[in-house]
Amino acid sequence: MKTLMLKLEPVIWLLFSGGMMIGGLLLPVFVLVVALGGGLGVVGGEALGYDRMLALVTHPIGSLVVLAAMALPVWGGAHHLRHLWIDFGGLGSDSLVGFLCYGTALASSIAAILAVVRLHA
Amino acid sequence: MSELRPRVDAMKPRAPMPTRTADPRPPDKFPSRGRYPSYLAFGACGAFLLLSAQLLIRGVWALGDGEAAWDAYIVSFGHPVYLAYHVAAFIGLTWFALRLFRLFPATQPNRMGPMKRPADAVLVAGLYGVFFTVLAVGTLFLGGALL
Amino acid sequence: MSEKLKKTFIVTRFDPDKDEVPKTQTYEIEVEPDWKILDALNHIKDTVDPTLSHRWSCRMAVCGSCGMTVNGEPKLTCKDPLSSYGDTIEISPLANFPIVRDLVVELEGFMEKFQEVKPWIMVAKERAVEEGTTRQSPEELADFKGFSMCINCMLCYSACPVVSNEPEFLGPAALALGHRYNQDTRDEGSHVRNAVFRDEGAIFSCSFANECSEVCPKNVNPSGAIQQAKLANVIDWATSFVVKRGEDVS
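If you read the sequences in order, they're chains A, B and C.
The numbering used here applies: residue 1 is where the first sequence begins, and numbers increase by one.
The numbering used here applies: residue 1001 is where the second sequence begins, and numbers increase by one.
The numbering used here applies: residue 2001 is where the third sequence begins, and numbers increase by one.
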């Protein structure tokens, strides 16, 4: 696992840095409008309604934006959490923690791609 | 948790030196003082990136499952635990993005393509501008106030 | 004559022949208000306790010898004014380094890591004298000049949380210096260095705590150099699949 992580480090880092940028820019909008606005009922039912959201996410640009906002930040998060673990002395269990972090990110990325592809099928 | 102890031996010579030495100690202020808490909090915000992106994936998945699933997804965010998480996530992600953009200029080379790179303050101001523009326009658009 | 001030110094002491672990000793001395931390240490050694050991040489932030921890922060003591501290000042050796004696740390580990990044100009073929000098524009020089200002004081190593946790980590100063040579237009060895950079404990071990750049007394910005090296490395790594490269530089 350790060797594999080391080999893939350039790719992981690229996904991580892209994920920080995209996640930092786009996720606050999602959290504010959909999660908080929708959860509190502040944002009107029409705006967050099924038809409008489906139209937005299936639009080619919408698909790309939402895919980037889903598939990249998970790598940003996974990489940060792995390094946070190392910062607290967890290097000894890096193989396991790295596997869990990047495994979660990989599974989430695949789910993200499937979620979007499914809407277009 | 027994392996969670610092291994401060990076600066030890490979072969033992003639003089006996005292063991290295980690930086005195780590982890709770100085600039370390902010660095560690930045890393911890990775959890918000991971979880919020996964909640977004759940949403797009619900869209594929049909209208009832999507409506249930939105209603589920009314739960106090979700509300508390999302307030924390919004603050955390905003702080995360602003710290990232504040540190960004230091990571850029002297020249960006053919251009000499702008002053750090100009770059930071530009990135903050992008962040708040995306937040404002994105919120208005997604919230249905634009288009 | 300026008025003298009384200050208390709590200094780490360690005698490898007698002490199991380092301890502290307190000195109360009168100081001049315009002294640096190093002046106070020299005063203690000269007039109070000749057994106190600390390293120093140039007294003008060039030699990089007098790095120590002052009130928990890595400092170049010849540059660090007493006036920025209160009545009690704690001085200990640089964190993350083995302690040889009192405030003196072991440098050998640093020297070993330093050589790993091949901090010299590597070329495929030695240039003949008739070919003249190698030209470099002021813009090309500016691309790496900041990274070459390092005085090897090792404050960056002392502040870095990754150095505390990853035994293989080459550390800020060495990696920044490697990047400095990769940026030098006279150098042809960047793909060799980039292979080292991709290895265990090199640039991708850095988690950008930015502490190195915060404590650097010469504004070298090692953390910036390492982040730049990461992007350059990803490009080098991707192109390595397309372009075959020899290892013929030295």
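Because the hints were derived from the structure by calculation, they are not lab data.
Only a predicted model underlies this, so the values are computations on that prediction, with no experimental measurement involved.
Treat the hints with care, as some may be off.
Unchecked claim - Computed cross-link-like contacts, DSBU-like style, restricted to lysine-lysine with a CA-CA straight-line distance of at most 35 Å:
{"#": "1", "chain 1": "A", "residue 1": "Lys2", "chain 2": "C", "residue 2": "Lys2036"}
{"#": "2", "chain 1": "C", "residue 1": "Lys2145", "chain 2": "A", "residue 2": "Lys7"}
{"#": "3", "chain 1": "B", "residue 1": "Lys1029", "chain 2": "C", "residue 2": "Lys2244"}
{"#": "4", "chain 1": "C", "residue 1": "Lys2036", "chain 2": "A", "residue 2": "Lys7"}
{"#": "5", "chain 1": "A", "residue 1": "Lys7", "chain 2": "C", "residue 2": "Lys2023"}
{"#": "6", "chain 1": "C", "residue 1": "Lys2004", "chain 2": "B", "residue 2": "Lys1012"}
{"#": "7", "chain 1": "B", "residue 1": "Lys1029", "chain 2": "C", "residue 2": "Lys2036"}
Stated by the list, open to error - What the simulated footprint calls covered on chain C by chain B, stretch by stretch (three residues with Cβ under 8 Å from a Cβ of chain B suffice, anywhere in the stretch; the number is not a length):
{"#": "8", "stretch": "2131-2137"}
{"#": "9", "stretch": "2186-2198"}
{"#": "10", "stretch": "2205-2219"}
{"#": "11", "stretch": "2237-2245"}
To be verified - Each pair of labels, with its calculated beta carbon distance range:
{"#": "12", "chain 1": "A", "residue 1": "Leu114", "chain 2": "C", "residue 2": "Ile2235", "range": "51 to 61 Å"}
{"#": "13", "chain 1": "A", "residue 1": "Phe99", "chain 2": "C", "residue 2": "Ser2053", "range": "23 to 33 Å"}
{"#": "14", "chain 1": "C", "residue 1": "Ser2250", "chain 2": "B", "residue 2": "Phe1132", "range": "45 to 55 Å"}
{"#": "15", "chain 1": "B", "residue 1": "Arg1117", "chain 2": "A", "residue 2": "Ile61", "range": "40 to 50 Å"}
{"#": "16", "chain 1": "B", "residue 1": "Arg1117", "chain 2": "A", "residue 2": "Gly45", "range": "41 to 51 Å"}
{"#": "17", "chain 1": "B", "residue 1": "Phe1132", "chain 2": "C", "residue 2": "Asp2034", "range": "54 to 64 Å"}
Beta carbons: idealized from backbone N, C-alpha and C, even for Gly.
Hints, one by one, checked against the model:
1. A/Lys2 to C/Lys2036: Between A/Lys2 and C/Lys2036 the Cα gap is close to 47 Å, so the pair fails against 35 Å, i.e. violated.
2. C/Lys2145 to A/Lys7: This hinted pair holds, its Cα atoms lying about 31 Å apart.
3. B/Lys1029 to C/Lys2244: Answer violated: B/Lys1029 to C/Lys2244 is near 47 Å, above 35 Å.
4. C/Lys2036 to A/Lys7: violated (48 Å)
5. A/Lys7 to C/Lys2023: violated (44 Å)
6. C/Lys2004 to B/Lys1012: violated (41 Å)
7. B/Lys1029 to C/Lys2036: Holds: B/Lys1029 and C/Lys2036 sit about 22 Å apart, inside 35 Å.
8. 2131-2137: Contact hint for the stretch 2131-2137 of chain C vs chain B: violated, 0 residues under 8 Å.
9. 2186-2198: With 0 residues close enough to chain B, the hint is violated.
10. 2205-2219: Result for this restraint: holds, n = 7.
11. 2237-2245: violated (count 0)
12. A/Leu114 to C/Ile2235: 51 to 61 Å: violated (30 Å)
13. A/Phe99 to C/Ser2053: 23 to 33 Å: violated (47 Å)
14. C/Ser2250 to B/Phe1132: 45 to 55 Å: Taking Cβ atoms as reference, C/Ser2250 and B/Phe1132 lie about 52 Å apart, which means the hint holds.
15. B/Arg1117 to A/Ile61: 40 to 50 Å: Hint violated: Cβ distance 30 Å, outside 40 to 50 Å.
16. B/Arg1117 to A/Gly45: 41 to 51 Å: holds (47 Å)
17. B/Phe1132 to C/Asp2034: 54 to 64 Å: violated (46 Å)
In terms of the numbered hints stated before, the structure departs from hints 1, 3, 4, 5, 6, 8, 9, 11, 12, 13, 15 and 17, listed from lowest to highest.
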